[in-house]
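Visitor: Working from the sequences, and respecting the hints, build out all of it.
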Amino acid sequence: MTRAAVAILAAVLLAFIVIPLAGLVGHLGPNELAAITSPSALLALRLSFMTTLIALAVTLVLGTPLAYILARADFPGRKIVDALVDLPIVIPPAVAGLALLLVFGRNGTFGPFLRSMGITLSFTTAAVVMAQVFVSSPFYVRAARGGLAQVDRQLEAASLTLGMGPLRTFAFVTIPLAAPSLLGGALLCWARALGEFGATIMFAGNLAGVSQTLPLAVYLNLESGNLPVATALSVALIFVSLIVISLVRLAEHRR
Amino acid sequence: MNIALVLVLAATVNVFAAASLTEAFNAAAAAFTQKTGIEVKLNYGGSDTLATQIKQGAPADVFASANLVQMKNVADAGLVAGTPKTFAKNRLVLIAPKNDPVKVASPADLAKPGVKVVLAAATVPVGAYARAALTKLGLHVEKNVVSNELDVKAVVTKISLGEADAGIVYSTDVTATVAPKLNAFPFPAAVEPDIEYPIAALKNAQDTKGAQAFVDYIVSPEGQGFLKARGFISP
Chain D
1 MTRAAVAILA AVLLAFIVIP LAGLVGHLGP NELAAITSPS ALLALRLSFM
51 TTLIALAVTL VLGTPLAYIL ARADFPGRKI VDALVDLPIV IPPAVAGLAL
101 LLVFGRNGTF GPFLRSMGIT LSFTTAAVVM AQVFVSSPFY VRAARGGLAQ
151 VDRQLEAASL TLGMGPLRTF AFVTIPLAAP SLLGGALLCW ARALGEFGAT
201 IMFAGNLAGV SQTLPLAVYL NLESGNLPVA TALSVALIFV SLIVISLVRL
251 AEHRR
Chain Z
256 MNIALVLVLA ATVNVFAAAS LTEAFNAAAA AFTQKTGIEV KLNYGGSDTL
306 ATQIKQGAPA DVFASANLVQ MKNVADAGLV AGTPKTFAKN RLVLIAPKND
356 PVKVASPADL AKPGVKVVLA AATVPVGAYA RAALTKLGLH VEKNVVSNEL
406 DVKAVVTKIS LGEADAGIVY STDVTATVAP KLNAFPFPAA VEPDIEYPIA
456 ALKNAQDTKG AQAFVDYIVS PEGQGFLKAR GFISP
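Line by line, the protein sequences give chains D and Z.
Number 206 in the numbering used here belongs to position 206 of the first sequence; there are no gaps in the numbering.
Number 457 in the numbering used here belongs to position 202 of the second sequence; there are no gaps in the numbering.
Accuracy of the hints is not assured; some may be wrong.
Partner residues are not named here, just some residues of chain Z that face chain D (Cβ under 10 angstroms, in silico) [unchecked claim]:
hint: 1; residue: Gly-301
hint: 2; residue: Asp-303
hint: 3; residue: Thr-307
hint: 4; residue: Pro-314
hint: 5; residue: Asp-355
hint: 6; residue: Lys-367
hint: 7; residue: Lys-371
hint: 8; residue: Val-373
hint: 9; residue: Thr-378
hint: 10; residue: Ala-409
hint: 11; residue: Lys-413
hint: 12; residue: Glu-418
hint: 13; residue: Ala-419
Rather than coming from a laboratory, the hints here were simulated on the basis of the structure.
Where a beta carbon is used, it is the ideal one built from N, C-alpha and C, also for glycine.
Guide: So, in structure tokens, the structure goes:
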């Protein structure tokens, strides 16, 4: 009896998640398949892949040292920094967008300084990348922090005593040992960046080829009654997400 | 139990209204509730968004659109009860942030190189009106557009934050809150589009009487008073 109730409750939630997604995929017809190669769809696809790869690269370069420090170093306020890093995961994206706008916008905190250097960020592709890094980097830093903390320090010590410098030890011992976590985190980070909507429209606006990423294109096409393009792009995003989740599982499994 | 639930629902009218009506409808709905005891729930957005939501089966009782196209869109889907009535008219204005280094003072300035313009998307009524007016003036502004916002209020926000040099909105969107931050310039009367707001009760309304009562209230002299107070023109 109890087991049946548990199973039913679990099935309800599972069905609630799966059915709408399956319904969307089921909507796919010749119109939708043709729509995915429409110029506006291709423009959004290209922009999304370009910006998310840059956002991922920025996160790897800046996020790995941060994760390393959080995993290894002990300093006052470490727990606070730890919590701050996770903050963008729970902040509503629209709030993130407003925050970016009020700091990096033309009249924001850094606006006059940036302007004096001839830089305007709002409504640019750079703003898209910034919004993506802001909301997605915590996913990588979290995973990397966990992975780096679990690396066997004795292996690193052995490498150092054998004459490998700290950088080479990090590159050839630490990173390979933490690789599954780093890879899993990078994939999640990239997928989150790909889905970013709220902060992007707030800070980067919406312009085809400049700031209209896949999620914005889905929304705009839906609004203008262009359901086939919206559906086609949605299905594409679902498939990419499925692949990412599978790869993350695979990476975790190898840990 | 079921009947009680229906009664509770019946005492609420869900109104889907264009974002530009926000202030006027908030005030009118409060007065309407006080007068009739019928609660009003307001859902504001771009008229195109609202039309899509209604066509997808959103629980709307009344639709107030910022243009005839989106009302026709809903009517063509067979969802409008009776004939839509025009209840207000509006005007376009050019807005620019005060203290903006790029001095925009007329529609012609929008086409100058380097001017950053924010418009509503072409599918949003105000975006369509703005483009039509600019085309009539023979101005090519699209190259200066840095963002196509999702509704008129988003355009107002971006310009009042000073993120772009100019935008085109309805005169009623230059509210007391944002007016101190903005310069507003009218469009020449010759290119001014006919901006009509139609309202209609919807066929699938939970409470057809309540929906019709709200529509009647908005077109009544009392309802019109709230619109005039916010700068709308009576039809």
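Visitor: If a hint holds in the structure, say so; if it doesn't, say that too.
Guide: Here is how each hint holds up against the structure:
1. Interface restraint check: Gly-301(Z) against chain D, minimum CB-CB distance 7 angstroms, threshold 10 angstroms, status holds.
2. Against a cut-off of 10 angstroms between C-beta atoms, the interface hint on Asp-303(Z) holds, since the closest Cβ of chain D lies about 5 angstroms away.
3. Proximity of Thr-307(Z) to chain D holds as hinted, the smallest CB-CB distance being about 6 angstroms (cut-off 10 angstroms).
4. Interface hint at Pro-314(Z): violated, since its Cβ lies 19 angstroms from the closest Cβ of chain D, which is beyond the 10 angstroms cut-off.
5. For Asp-355(Z), the interface hint holds, since its Cβ comes within 10 angstroms of a Cβ in chain D; the closest pair sits about 9 angstroms apart.
6. For the restraint placing Lys-367(Z) at the interface with chain D, the shortest Cβ-Cβ distance is roughly 17 angstroms, beyond the 10 angstroms limit, so the hint is violated.
7. A least Cβ separation of about 7 angstroms between Lys-371(Z) and chain D falls short of the 10 angstroms threshold, and the interface hint therefore holds.
8. A least Cβ separation of about 7 angstroms between Val-373(Z) and chain D falls short of the 10 angstroms threshold, and the interface hint therefore holds.
9. Nearest Cβ of chain D to the Cβ of Thr-378(Z): about 4 angstroms, under the 10 angstroms cut. The hint holds.
10. The beta carbon of Ala-409(Z) is positioned within 10 angstroms of a beta carbon in chain D (closest approach about 8 angstroms), and the interface hint is therefore held.
11. The beta carbon of Lys-413(Z) is positioned within 10 angstroms of a beta carbon in chain D (closest approach about 7 angstroms), and the interface hint is therefore held.
12. For Glu-418(Z), the interface hint holds, the least distance from its beta-carbon to any beta-carbon of chain D being 5 angstroms, beneath 10 angstroms.
13. This hint holds: Ala-419(Z) has a C-beta 7 angstroms from the nearest C-beta of chain D, less than the 10 angstroms allowed.
Checked against the numbered hints given earlier, this structure breaks hints 4 and 6; the rest are met.
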